[in-house]
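Undergrad: Given next are the chains, with one letter for each unit.
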Amino acid sequence: MTQRLCRTFQTAPVAVASDDTAKYLRSGLTASGFQAPDWLVPDLEDGTAPAKKEEGMENLLALLPEYAPEFSGEILPRIEWAYDAPATTERGHEQIDRIVENAGEHVDGIVVPKVGRVGDVESALSAVADAEREYGLPQGSIEVAVIVETARARSDLREIGALGNGRSEDGSDTTARLAGLVFGPVDYTAELGGRSRDGDRFEWPALLEALSNEASANDVVAVGGPFDRLFAERAGVSFYNGSAYAEQVEREAAVGLDGSWSLHPKQTTQANRIHMPTPDELERDVEKIERFAEAKASGTGAVSIDGQMVDEATLKNFQNTVWTARVIADRHPEQAEAVYDEALLERARSIELR
Amino acid sequence: MTQRLCRTFQTAPVAVASDDTAKYLRSGLTASGFQAPDWLVPDLEDGTAPAKKEEGMENLLALLPEYAPEFSGEILPRIEWAYDAPATTERGHEQIDRIVENAGEHVDGIVVPKVGRVGDVESALSAVADAEREYGLPQGSIEVAVIVETARARSDLREIGALGNGRSEDGSDTTARLAGLVFGPVDYTAELGGRSRDGDRFEWPALLEALSNEASANDVVAVGGPFDRLFAERAGVSFYNGSAYAEQVEREAAVGLDGSWSLHPKQTTQANRIHMPTPDELERDVEKIERFAEAKASGTGAVSIDGQMVDEATLKNFQNTVWTARVIADRHPEQAEAVYDEALLERARSIELR
Amino acid sequence: MTQRLCRTFQTAPVAVASDDTAKYLRSGLTASGFQAPDWLVPDLEDGTAPAKKEEGMENLLALLPEYAPEFSGEILPRIEWAYDAPATTERGHEQIDRIVENAGEHVDGIVVPKVGRVGDVESALSAVADAEREYGLPQGSIEVAVIVETARARSDLREIGALGNGRSEDGSDTTARLAGLVFGPVDYTAELGGRSRDGDRFEWPALLEALSNEASANDVVAVGGPFDRLFAERAGVSFYNGSAYAEQVEREAAVGLDGSWSLHPKQTTQANRIHMPTPDELERDVEKIERFAEAKASGTGAVSIDGQMVDEATLKNFQNTVWTARVIADRHPEQAEAVYDEALLERARSIELR
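Chains as they are written, first to last, in our numbering: chain A, 1 to 354; chain B, 1 to 354; chain C, 1 to 354.
Any given hint could turn out to be false.
What the hints assert, rightly or not - Reference listing, derived: stretches of chain A covered by chain C, where coverage requires no fewer than 3 residues with Cβ under 8 Å from a Cβ of chain C:
hint : segment
1    : 61-68
2    : 147-160
3    : 179-187
4    : 307-314
As the list claims (entries may be wrong) - Computed cross-link-like contacts, BS3-like style, restricted to lysine-lysine with a CA-CA straight-line distance of at most 30 Å:
hint : chain 1 : residue 1 : chain 2 : residue 2
5    : A       : LYS296    : B       : LYS296
6    : B       : LYS23     : A       : LYS296
7    : C       : LYS316    : A       : LYS53
8    : C       : LYS266    : A       : LYS23
To be verified - Beyond 10 Å from chain C on every Cβ pair, some chain B residues (computed):
hint : residue
9    : TYR67
10   : PHE71
11   : PRO86
12   : SER123
13   : THR175
14   : GLU214
15   : ARG291
16   : LYS316
17   : ALA329
18   : GLU342
Hints are computed from structural coordinates only; laboratory data are not their basis.
Quick reminder that beta carbons are idealized off the backbone N, C-alpha and C, glycines included.
Same shape as in the complex, but just chain A (with noise of 0.2 Å):
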């Protein structure tokens, strides 16, 4: 877990074929509620065709100064980078170096796909940092979070992971910050050759367990993979496939990932709201954490609260659930107030965290 509000890591092509070719990229950098994703990924690899990238970067150069400045998430585009195709990594670089020159104070960071071993990642950290000295950007204000989709990459994860305490104190770095770990499933299952005999694709646990711990262990975000089955068919009817998607964010939640990637607005929905405390979570945790502190006070170190054996471990996890609805209730006051009474919110707001 980090402390740092990712639920929801939302892909958005540049440019499409249509009258309005900016129309998805758009409605991201506007949406509002629960539809506005915590991480805004305008995508410049496989979500846009060859050839709308060049009007894909337009657009993009052309709407950040428009509604970067009101949007309430983070903002991080995603470029072409591939660690077995010199020229898609070249093209990378310009685009880079075009987005930081034209709109890098717009911009969090930058998401690169398909990087190999770890020395693939830190030229990529490298190249953005380049490009914040040459337009003359405050070190460090664009950080870079990398797709794990290659079989390098996670054979290298944990001194990937690594990069994440890289920068030093004194602004010393010649390189970027790594700020976030993303699962790319589809491309990983490419490369491992895994088969998809009914259509369903193996879910990579002991993959999405190591994710989780190296971005613990290095604090960065760490993000599950798309959803693609957007719509399923039954008996003649196509519908939108919710429960699916719920039960991967779910998943992805119980292993400690901190967001899930969506390719829709209703899938931005639903990971916001899954990622969020329910009700009657919070009501639990914040009652446990005050009858332990009661217990606490007449000194015993653990006590069985309806039937479970509390202490100072398991309180932890209860001060999790309260740390993520204050910080939602911070941010995202009107997603706080559709979920939460206000008297809950009150005495979750009155718990001391570490």
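Once you have looked at the hints, place chains B and C on chain A.
TA: Frame of chain A, contents of chains B and C only:
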């Protein structure tokens, strides 16, 4: 699998709010039959409230000389320690000192919680070795088991496990030997931010596989984490949650953990039983060893027994069963007699193990 | 996924107690259709009894010149080796020598079991390269596959996998190339002490993920472990346990293993079939590739096909299906003809793969 018996790792608070503050510590030290844990862990950390820790230490130092000489298992007090809280670790150093100075000959090891990266574990091993020297105990007489419950420790698990092999033959070591890796799921889940929506915590199966592997690679003991939902309630009746605990212990046995954590004498009884071969299992494996020996004598490398292809590799699994039953019969004859008939035990004893 | 066909890894004892001691070896070397394994592994290790090993070696050296030239797959004998038993490893060195001296041109590699840490694997690679030089074979003509079946090998899996890339372009290598990582669950479970209470062994899913990943990161083949409950009995009738084996192979395909271990021609048939795209799967993926190509031409980066968002990443998974079907059609035309109709195969052949 380790050639050392640790089916149960029972923590007991050293002082509780009660007229007899040492009651749980004393009941652990005097338990008999299946209630006697293989490893008893007097708990100076989270199980004992801050206000009771000094009294707990006095209880521990008073009771060890009285009961430890007759105790059938091993005794390893858990001290305070935290990779991210120097004041806590400083208290841990003092606790190591007091225990080794005043009761060093009565303890087999020290349990160190909340260790971080491998360097933090090395400093714990040094602290114990320093105390041994300071108070004139034989070098290596006090070992260390660590609780793996932080993202950093999980990240460095391979290097931490390798400290199990750190002691040289010539006695020139300056650190204690790592003797065990114990999972701490509650703190771990809090660090990673794993969500518990319905009260069930994520089970971290990939971590358990790695813990079992690194323990076996370095000949140290591997132990699962506490099951804290001691009691369940359903339809108005509250009861000991024995089925859910037994299922956890069975999963831990399947993945090759040597033992399970116990918070209660009933849990100790269950874990001692589950980590002991059943009579059917022992008979099945003894018989397969006997039949394979006959087949091998007639020139067959692999033989089909009850539909299973049995070869030298399969045999080792059967020998594990026999080894475990025999060690229990040696250490706890009353347990073996309660479970196996004498004829079966004789067949098990007559098998030649590597 | 590796660009090398190894759907099946069939071990065959080199000598059994029978009038015709070479019968299983000969039947492996002469198998046809779906019974022909992609990799045949004449077994000098656990599959052949100690008293039969010398006769087995003679069988192997006699039959290879006769049958190997016509064999449709690759041949990799398994020798004896054990990281913890120097006498066994010494026999392994002698077996490598005899095979390379007398039949080096008829084998594609050597399978080395029970390797320990990465240094032990390196010494196996050196032993094979030494024999190549000694007997004048082209450098690199004999590769090595190792059985991952010890805690130490699992601990060093990343470094062991990297030996797949160890060979330099200029031919200056002094070691053989690692060509495959094969799981050995029976020895592995015994080392870790995994309990099998009801006869089912733990499946080690996190290890399988790591095996698949490190194989893909280093372009070596990954193979699952043997399924030893060949026959089942229920209600008085014993039968080939085909459903349970097929389920294991399907799980292995999902996690991206290239192939599965076979102990029997029926298992070979099943694994060859399961690791081959079904006609429905091939048709589905060919069609999605064709439809995505149309969409891309019209300026769309991601397109919804049957409810699934399809982009460049998804496409790679479909291309894996096409690649596998085409390689099988090249190597084993009789297998492809038995499964695919000619029109579908033509569509698959007309797709451009990277």
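Undergrad: Now tell me, hint by hint, if it's right for this structure.
TA: Hint-by-hint comparison with the structure:
Counting residues of the segment 61-68 of chain A whose CB lies closer than 8 Å to any CB of chain C gives 0, which falls below the minimum of 3, so the coverage claim is violated. Counting residues of the segment 147-160 of chain A whose CB falls under 8 Å from any CB of chain C gives 6; the rule of at least 3 is met. For the segment 179-187 of chain A, the proposed coverage by chain C is satisfied: 3 residues have a C-beta within less than 8 Å of a C-beta in that chain, meeting the threshold of three. Only residues whose C-beta sits within less than 8 Å of a C-beta in chain C count toward coverage, and the segment 307-314 of chain A has 0 of them, not enough to reach three; the restraint is violated.
Between A:LYS296 and B:LYS296 the alpha-carbon distance is near 64 Å, which puts this suggested pair outside the 30 Å criterion. For a cut-off of 30 Å, the pair hint linking B:LYS23 to A:LYS296 stands: about 19 Å separates their Cα positions. Restraint check for C:LYS316 and A:LYS53: the C-alpha separation of about 21 Å stays at or below 30 Å, so the hint holds. Annotation: proposed proximity of C:LYS266 to A:LYS23 is violated, straight-line Cα distance about 56 Å (limit 30 Å).
Interface exclusion of B:TYR67 from chain C stands, the closest Cβ pair being 30 Å apart, more than 10 Å. Separation of B:PHE71 from chain C is adequate, the least Cβ-Cβ distance of about 25 Å exceeding the 10 Å criterion. Against the 10 Å criterion, B:PRO86 stays outside the reach of chain C, whose nearest CB is about 31 Å from its own CB. Against chain C, the non-interface label of B:SER123 holds: every CB pair exceeds 10 Å, the least being about 23 Å.
No beta-carbon of chain C comes within 10 Å of the beta-carbon of B:THR175; the shortest separation is about 21 Å. Listed as a non-interface residue, B:GLU214 fails to keep its Cβ farther than 10 Å from every Cβ of chain C; the least gap is roughly 6 Å. The beta carbon of B:ARG291 sits about 14 Å from the closest Cβ of chain C, which is more than 10 Å, so the claim that it is off the interface holds. A beta-carbon of chain C comes within 10 Å of the beta-carbon of B:LYS316; the shortest separation is about 4 Å.
B:ALA329, annotated as away from the interface, keeps every beta carbon of chain C farther than 10 Å; the closest lies near 18 Å. With a least CB separation of 23 Å from chain C, B:GLU342 remains clear of the 10 Å interface cut-off, as annotated.
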